[in-house]
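Kindly generate the complete structure, drawing on both the sequences and the hints.
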Amino acid sequence: DAKTTQPPSMDCAEGRAANLPCNHSTISGNEYVYWYRQIHSQGPQYIIHGLKNNETNEMASLIITEDRKSSTLILPHATLRDTAVYYCIVRVNAGGTSYGKLTFGQGTILTVHP
Amino acid sequence: EPEVTQTPSHQVTQMGQEVILRCVPISNHLYFYWYRQILGQKVEFLVSFYNNEISEKSEIFDDQFSVERPDGSNFTLKIRSTKLEDSAMYFCASKAPTGNSPLHFGNGTRLTVT
Numbered sequence: 426d427a428k429t430t431q432p433p434s435m436d437c438a439e440g441r442a443a444n445l446p447c448n449h450s451t452i453s454g455n456e457y458v459y460w461y462r463q464i465h466s467q468g469p470q471y472i473i474h475g476l477k478n479n480e481t482n483e484m485a486s487l488i489i490t491e492d493r494k495s496s497t498l499i500l501p502h503a504t505l506r507d508t509a510v511y512y513c514i515v516r517v518n519a520g521g522t523s524y525g526k527l528t529f530g531q532g533t534i535l536t537v538h539p
Numbered sequence: 027e028p029e030v031t032q033t034p035s036h037q038v039t040q041m042g043q044e045v046i047l048r049c050v051p052i053s054n055h056l057y058f059y060w061y062r063q064i065l066g067q068k069v070e071f072l073v074s075f076y077n078n079e080i081s082e083k084s085e086i087f088d089d090q091f092s093v094e095r096p097d098g099s100n101f102t103l104k105i106r107s108t109k110l111e112d113s114a115m116y117f118c119a120s121k122a123p124t125g126n127s128p129l130h131f132g133n134g135t136r137l138t139v140t
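Protein chains in written order, with the numbering used here: chain A, 426 to 539; chain B, 27 to 140.
Just so you know, the hints here were simulated from the structure itself, not pulled from any lab data.
Keep in mind that the hints are not guaranteed to be accurate.
[Stated by the list, open to error] Once the Cα atoms are required to be at most 27 Å apart in a straight line, the calculated DSS-like pairs of lysine-lysine come out as:
1) B:Lys83 <-> A:Lys428
2) A:Lys428 <-> A:Lys477
3) B:Lys104 <-> B:Lys83
4) A:Lys428 <-> B:Lys68
5) B:Lys109 <-> B:Lys68
6) A:Lys494 <-> B:Lys109
[Stated by the list, open to error] Covered stretches of chain A, as calculated for chain B (at least 3 residues, CB under 8 Å):
7) 464-478
8) 524-530
Predicted model, so just to flag it, every value in this text is computed and none were measured.
Beta carbons are placed, not taken as given, at the ideal position from N, Cα and C, and that holds for glycine.
This is the structure:
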């Protein structure tokens with residue numbers, strides 16, 4: 426799976442949009458971009474994923490550049506409860522010799538301030 | 027919304043003892059995983075399980091570890107002879123059959139080996 430690069434930490438004011446960047450310049454055509462977060466020592470929580478189109482759900486939006494070499498996770502109105510470690514992970518589809526595992530990096534520590 | 031459940035939430039054991047960590051994956055999922063996270067470190071992949079057999083395992087998953095799906099609903103991780111360095115959070119995850127579907131994680135079992 427392609428490697429990802431994320432800033433180690435970011436700050437955001439409560440109520441503002443949090444934009445978390447991720448570089449994945451070696452991504453291949455069949456690899457999806459997944460975002461997870463981990464609040465304190467809880468289990469990683471799935472946020473959103475995409476292949477090449479922008480995606481939106483009730484938690485966040487995912488913007489993937491046209492060349493797919495980078496993406497941005499957007500939390501539109503950050504709250505204090507969004508303070509967490511955010512992981513950007515690239516993964517191939519499960520099937521064949523791939524069984525869909527995710528490889529976690531260090532992620533970005535997002536701190537939302539009042 | 028269906029979720030992955032893990033029991034117990036906290037397990038304390040003495041070095042050399044056997045422990046079994048239990049997980050109930052989401053009911054229609056076919057791929058199953060164990061991860062661990064030592065305090066302050068990354069979330070690390072241990073093993074994936076599909077079609078009643080191990081599909082992939084990491085270097086961490088040595089002979090003292092085993093996994094089983096004994097009754098079609100539970101998924102267990104056994105550590106045969108625990109060591110101090112096995113102290114960690116252990117997360118179970120499951121995934122639906124669709125290739126690009128995300129992993130869903132439980133909230134973990136904190137294992138403390140004394």
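Hint by hint, here is what the structure shows:
1. For the suggested pair B:Lys83 and A:Lys428, the alpha carbons sit about 19 Å apart, so the restraint of at most 27 Å is met.
2. For the proposed pair A:Lys428 and A:Lys477, the alpha carbon gap of about 17 Å is at most 27 Å, so the pair holds.
3. For a cut-off of 27 Å, the pair hint linking B:Lys104 to B:Lys83 stands: about 14 Å separates their Cα positions.
4. Of the pairs offered as hints, the one joining A:Lys428 and B:Lys68 holds, with about 15 Å between alpha carbons and a cut-off of 27 Å not exceeded.
5. Our distance criterion of 27 Å between C-alpha atoms is met by B:Lys109 and B:Lys68, whose separation comes to about 19 Å.
6. This hinted pair does not check out: A:Lys494 and B:Lys109 have alpha carbons roughly 42 Å apart, beyond 27 Å.
7. For the stretch 464-478 of chain A, the assignment as covered by chain B holds, since 8 residues bring a beta-carbon within under 8 Å of that chain's beta-carbons and 3 suffice.
8. Remark: the stretch 524-530 of chain A is confirmed as covered by chain B, as 7 of its residues place a Cβ nearer than 8 Å to a Cβ of that chain, reaching the required three.
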